[in-house]
Amino acid sequence: MTKEELKVTLEQLLPSPAFEEGAEWTTVVIDPAGWEGTARKLRSAEGLKFDYLFCVTAIDWKTHITMVYHLTSTVYRHTVVVKATLDRANPVIGTVSDIWRTAEFHEREAFDLFGVEFKGHPDLRRLFLTDDWKGWPLRKDYEDPVNMIKL
Amino acid sequence: MIEEVGTTETGDLVINVGPQHPSTHGVLHLVITLNGETIKKVEPHLGYIHRSIEKMCESLSYRQFIYVTSRMDYLSSHINNHGCALCVEKGMQIEVPARARVIRVLMDELTRLASHQLWWGAMAMDIGALTPFFHAFREREAINDIMEETCGARLTMNYMVPGGVMADLHPNFQKRVIEFIRFFRTKIDEYDELVTGNIIFKSRMQGVGYLSPEDAVSYGCTGPTARGSGVSCDIRKLYPYEVYGQLDFQEVTATGGDCFARYKVRMQEMRQSISIIEQLIDNIPKGEFQAKTKAVLKLPKGEFYSRVETARGEFGVYIISEGGTTPYRIKFRSPGFSNLSALDHMARGHKIGDLVAIMGTLDLVIPDIDR
Amino acid sequence: MDVSTQNTDNKPFPGEVHPTAGGGILVTKLDEVIGWARSNSLWPLVFGTSCCAIEMMSTAGAKYDWSRFGFEVARATPRQADVIIIAGTIVNKMAPVLKRLYDQMADPKYVIAMGACATSGGPFFYNTYSVVKGADHVIPVDVYVAGCPPRPEALLHALISLQEKIRRGPA
Numbered sequence: 001m002t003k004e005e006l007k008v009t010l011e012q013l014l015p016s017p018a019f020e021e022g023a024e025w026t027t028v029v030i031d032p033a034g035w036e037g038t039a040r041k042l043r044s045a046e047g048l049k050f051d052y053l054f055c056v057t058a059i060d061w062k063t064h065i066t067m068v069y070h071l072t073s074t075v076y077r078h079t080v081v082v083k084a085t086l087d088r089a090n091p092v093i094g095t096v097s098d099i100w101r102t103a104e105f106h107e108r109e110a111f112d113l114f115g116v117e118f119k120g121h122p123d124l125r126r127l128f129l130t131d132d133w134k135g136w137p138l139r140k141d142y143e144d145p146v147n148m149i150k151l
Numbered sequence: 001m002i003e004e005v006g007t008t009e010t011g012d013l014v015i016n017v018g019p020q021h022p023s024t025h026g027v028l029h030l031v032i033t034l035n036g037e038t039i040k041k042v043e044p045h046l047g048y049i050h051r052s053i054e055k056m057c058e059s060l061s062y063r064q065f066i067y068v069t070s071r072m073d074y075l076s077s078h079i080n081n082h083g084c085a086l087c088v089e090k091g092m093q094i095e096v097p098a099r100a101r102v103i104r105v106l107m108d109e110l111t112r113l114a115s116h117q118l119w120w121g122a123m124a125m126d127i128g129a130l131t132p133f134f135h136a137f138r139e140r141e142a143i144n145d146i147m148e149e150t151c152g153a154r155l156t157m158n159y160m161v162p163g164g165v166m167a168d169l170h171p172n173f174q175k176r177v178i179e180f181i182r183f184f185r186t187k188i189d190e191y192d193e194l195v196t197g198n199i200i201f202k203s204r205m206q207g208v209g210y211l212s213p214e215d216a217v218s219y220g221c222t223g224p225t226a227r228g229s230g231v232s233c234d235i236r237k238l239y240p241y242e243v244y245g246q247l248d249f250q251e252v253t254a255t256g257g258d259c260f261a262r263y264k265v266r267m268q269e270m271r272q273s274i275s276i277i278e279q280l281i282d283n284i285p286k287g288e289f290q291a292k293t294k295a296v297l298k299l300p301k302g303e304f305y306s307r308v309e310t311a312r313g314e315f316g317v318y319i320i321s322e323g324g325t326t327p328y329r330i331k332f333r334s335p336g337f338s339n340l341s342a343l344d345h346m347a348r349g350h351k352i353g354d355l356v357a358i359m360g361t362l363d364l365v366i367p368d369i370d371r
Numbered sequence: 001m002d003v004s005t006q007n008t009d010n011k012p013f014p015g016e017v018h019p020t021a022g023g024g025i026l027v028t029k030l031d032e033v034i035g036w037a038r039s040n041s042l043w044p045l046v047f048g049t050s051c052c053a054i055e056m057m058s059t060a061g062a063k064y065d066w067s068r069f070g071f072e073v074a075r076a077t078p079r080q081a082d083v084i085i086i087a088g089t090i091v092n093k094m095a096p097v098l099k100r101l102y103d104q105m106a107d108p109k110y111v112i113a114m115g116a117c118a119t120s121g122g123p124f125f126y127n128t129y130s131v132v133k134g135a136d137h138v139i140p141v142d143v144y145v146a147g148c149p150p151r152p153e154a155l156l157h158a159l160i161s162l163q164e165k166i167r168r169g170p171a
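Chains as they are written, first to last, in our numbering: chain A, 1 to 151; chain B, 1 to 371; chain C, 1 to 171.
Read the hints as simulated data drawn from the structure, not as lab findings.
Heads up, some of the hints might be wrong.
[Stated by the list, open to error] Computed spacing ranges between beta-carbons, pair by pair: (1) A:R77 x B:Q93: 50 to 58 Å; (2) A:K3 x B:K237: 17 to 25 Å; (3) C:D65 x A:K3: 51 to 59 Å; (4) B:D192 x A:K3: 51 to 59 Å; (5) A:V146 x C:A146: 24 to 32 Å; (6) A:S44 x C:A146: 51 to 59 Å; (7) A:V8 x C:A146: 55 to 63 Å; (8) C:D103 x B:R348: 29 to 37 Å; (9) A:D132 x B:G349: 31 to 39 Å; (10) A:P145 x B:I284: 48 to 56 Å; (11) B:P300 x A:E11: 49 to 57 Å; (12) B:T325 x A:G34: 35 to 43 Å; (13) B:Q93 x A:R139: 55 to 63 Å.
Ideal Cβ positions, reconstructed from N, Cα and C, are used throughout, including at glycine.
Please construct the entire structure, taking both the sequences and the accompanying hints into account.
Here it is, written out as structure tokens:
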């Protein structure tokens, strides 16, 4: 499907989505509360069939945290970008590791570096850093005077 | 770390493999739950080479951050740099001259050959055959010498810049590559005879580590790992970049899904790379090797994603820019990260020796996973 | 200052041989003979974390063969190794592992810090929260090799310098 057709289909399928303009792929901003239901629809709806999650990113915008999911379909070869805005003080979103198995590691990485909590994740703990590390390193307000040498 | 090792209530043994181990291809720590010698669960522990690259890149300019990606997947260092340069060019709408595009593809394919050769040598060494290791390094030395003449370095060459390549090709480049390709074409058939037809090798690889196509897609596997299960995912064919759209080569897939199928995919990929180089080496267009760009690059506000096919799979560079001279956030989508998540699924029910064979065919480079 | 110019007595064998009836008499210092024997048979530990490990493997390959100098046997277990070549970056999570490997090695043991990352943190010096800025924060280092990654010839030079350091004996 093309970008416009995807936009029309998604408008019908999802509850009140918002679209971002000007990006390379169809970008839809959803409410994090309904993410699991939306994800299931994206995975299995006829004409969409987004079965390949290839990138999970978390961005710290200083006032809020955005989760970005890049999905593509191996059947129809179209791509969609799903964004969800989370509250920075308590970032919680549902897990999709039972829908796309690759999300298990990606969500652990987002938890490790940003502190985003994924409800329902089978094994949410730090991935790259030691278990007793304090703080979320990739957040913009992370200070570490011992380890980080500023230029 | 060591507190987990011991015996569980059901009498299963929990052991450590790594981080310092000859066949983990880097610092990968696996905690394996065994019942006798049969694996019940494999749990990878990462982070032993986590160099906080994404945080570091937030303070590097758009010309500087490219050198760091060489050190991530150091066996495909040109291809990683290529992906970063493509992302910056996409953001700034820079038009790359034709000569630079062909040079980039040639360097990419030579790097792919070198990476597959090292994979082949190291994997055979893990299975137990020590001789292919030396054959593989002999070919790698030939490719490294060719690259050194042009790029100046053997392993981590920062040759790709936004706009083209850093310097023009050395006058000897064409002659040496043609000579190397002629030599290598005979050798690859010899390697097939040496290793692929070997009965011990076959019995260790066939039927081991089966990955179904649905699982390969669900685990996000990419590159030869997924292509060995029949999933068509070659970025050079699906989303062609540079001159790949005009070249005549095939995407290699196999339907076996086991270690031997992944092995055959990589051997055939080497042959396809040779054919791409042969198509390009006599027709390098004349012209500029670098587009004129400003000294200080500033990407406009927005987000840009570019993807290239490294020797391991899809490498994605996702830049979120706020309009400054340094990126606001960079995310590197590394192929090894998703390929590793399928290891537990593939290894259950096999013996430890099979685990080594499976890891060999996954072709993991741990700094690529840990970033 | 080049290490090899310090040691100008390039004798292949330390000591004087006096041929007498029934064989011969060798006059030498015990330290020199032990140093000569140890330096020609150093066994490296298989330890590579990142990119420098590939150049270390190239040095072990057929073109820049390091087994000419006695480093043929690369052991996987630290209990049987003499020299640990730290090839790659050391991060905070890996530092205790490195210390434990060093402790498990038997005396006399030597350490070569290969590459910019092991020497001082290298390209990952600024703005990183997880990199140990130099392996000598963890274990004592004998020889440092510069480069990112160092050429195989540079690593061979470092190994030969280590051999000469061993032959010179304790300072």
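Indices of hints not satisfied (ascending)
1, 4, 11, 13
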